[in-house]
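Please model the entire structure based on the sequences and the hints provided.
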Amino acid sequence: MRPAPPPTEAELLALAELALSHVSGEGQVTAWWERSLQASAGAQLARSLMSVEVLVLVDGRSGFATTSDLGEAALHLAAGRAREAAMRPGRPNRPLAAPVAGRAHAGYDPAVTRLAPTDLVADGQRWRAGAAKTAIVSTRGVSAYEQRSFAALTIDVGATSELSAAGLSPAGIDAEALIAEAGSLAVTGEPASVPPGELPVVLGPDAVAAVLDLLRPELVPGGRLDASRGTRVVASCVNLSDSPRFAATLPRSYDVMGTPRQPVPLIQDGVAHRVVSLETGHATQPGGDRALPEHLVLVGGGAAAVEELMAPIERGLYLPTLELGFEIMDGRRGRRLAPARARVDALRVLATTQALTASHRTIASQGSARSVGATVCPALRAMSGIELHA
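Residue numbers (the working numbering): 116 to 505.
There could be a bad hint or two in this list.
[To be verified] Listed next, with one range per pair, are the computed distances between beta-carbon atoms:
id, residue 1, residue 2, range
1, Q469, Q159, 42 to 48 Å
2, P427, A237, 33 to 39 Å
3, A125, H504, 52 to 58 Å
4, L329, A301, 26 to 32 Å
5, A274, A188, 47 to 53 Å
6, A158, A301, 20 to 26 Å
7, G449, G205, 55 to 61 Å
8, R430, G205, 53 to 59 Å
Think of the hints as simulated: they come from the structure by calculation, not from any bench. All C-beta atoms in this analysis are idealised placements derived from N, C-alpha and C, irrespective of residue type, glycine included.
So this is what it looks like as structure tokens:
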């Protein structure tokens with residue numbers, strides 16, 4: 116049985132406005148619809164949800180309430196609960212966002228709304244997919260709407276390691292290429308012991324994405340890169356941005372406060388340039404004070420493949436993921452390493468980066484279609500920054 120069609124933009128905005136009419140004083144309402152799917156050989160799940168979230172501001176404090184009952188009486192009660200929460204001591208608030216129009220994107224494939232889990236099931240593959248529509252209105256005049264979709268494919272390459280790729284829909288993912296890469300990592304034989312110390316390393320896209328995840332908290336006000344703006348912090352071949360409209364990412368127009376999400380150049384030619392903030396549209400919680408870069412893009416390399424990155428290394432490591440390692444001997448991939456834990460200094464990895472591949476992969480974060488982010492990154496070669504421990 117195929118799912119019911121999603122609400123229209125007009126219907127979702129009207130629902131948000133109806134809920135806002137029950138807010139006394141300052142406030143914001145988010146109305147959202149979402150369909151999510153998960154599929155693997157052993158489990159299949161699909162569900163559609165619709166909900167309203169109410170944020171109320173009272174005397175410098177904020178209160179929050181949510182309801183999946185969309186009747187007017189329930190909306191009135193939710194507004195009342197949010198106001199009561201705002202009147203309790205504790206949670207400070209930031210002001211409501213100014214009404215600024217965001218840029219529309221093409222990051223929505225309506226075909227995802229019609230998918231069933233059985234459309235995705237395949238041996239050895241795990242899929243997530245989703246579509247979402249979000250409307251945000253406020254007493255300050257914000258009226259924002261966007262629709263997003265995504266799909267993410269994951270393939271296990273060991274007991275604790277996996278490769279992944281994402282796109283706007285399953286059709287946007289090169290599943291055959293990911294399957295072939297995973298197959299090339301399936302080796303037999305006795306694993307090699309983990310070498311001591313730091314060695315030159317080639318990181319696959321999944322490993323690079325994990326390294327960049329560790330760097331995210333430093334890319335906000337008060338982080339290490341904020342304090343170093345205008346100075347060189349990593350290798351000159353590194354250009355890192357938060358780019359919510361980059362062609363290969365999962366685009367996003369607004370943050371949770373209805374502020375347009377802006378592209379932010381974080382590191383240019385190795386120099387710390389800017390950080391993301393609430394003002395750049397990177398709020399992660401309604402009324403909260405936390406910002407985070409959720410659309411990191413690292414591109415600009417010229418190497419044809421990981422084999423080219425390995426070629427100059429006499430002895431080193433190849434890590435397709437941070438949980439899966441191989442020897443590099445005389446410029447070639449060698450034996451698989453015994454299981455190990457990677458100790459990572461993300462800035463040092465980028466500071467000693469020598470080369471990146473021209474190709475890149477999109478790797479989705481955890482989360483639903485409303486909030487999912489993505490990292491777009493290549494493979495790279497670095498001289499230090501990672502040490503393995505058995």
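Going down the list of hints, with the structure as the test:
Taken as a hint, the range 42 to 48 Å holds for the pair Q469 and Q159, whose Cβ atoms sit roughly 44 Å apart. The hinted window of 33 to 39 Å between P427 and A237 holds, with their beta carbons roughly 38 Å apart. At roughly 57 Å, the beta carbons of A125 and H504 sit within the given window of 52 to 58 Å. At roughly 27 Å, the beta-carbon separation of L329 and A301 lies within the given 26 to 32 Å, and the hint holds.
Evaluation of the 47 to 53 Å hint for A274 and A188 yields a pass: the beta carbon distance comes to about 52 Å. Between A158 and A301 the Cβ separation comes to about 23 Å, which falls inside the hinted range of 20 to 26 Å. Taking 55 to 61 Å as the suggested C-beta distance range, the pair G449 and G205 conforms, at roughly 57 Å. One distance hint, 53 to 59 Å for the beta-carbon pair R430 and G205, holds here, with the actual separation near 56 Å.
Consistency note: the structure conflicts with none of the earlier hints.
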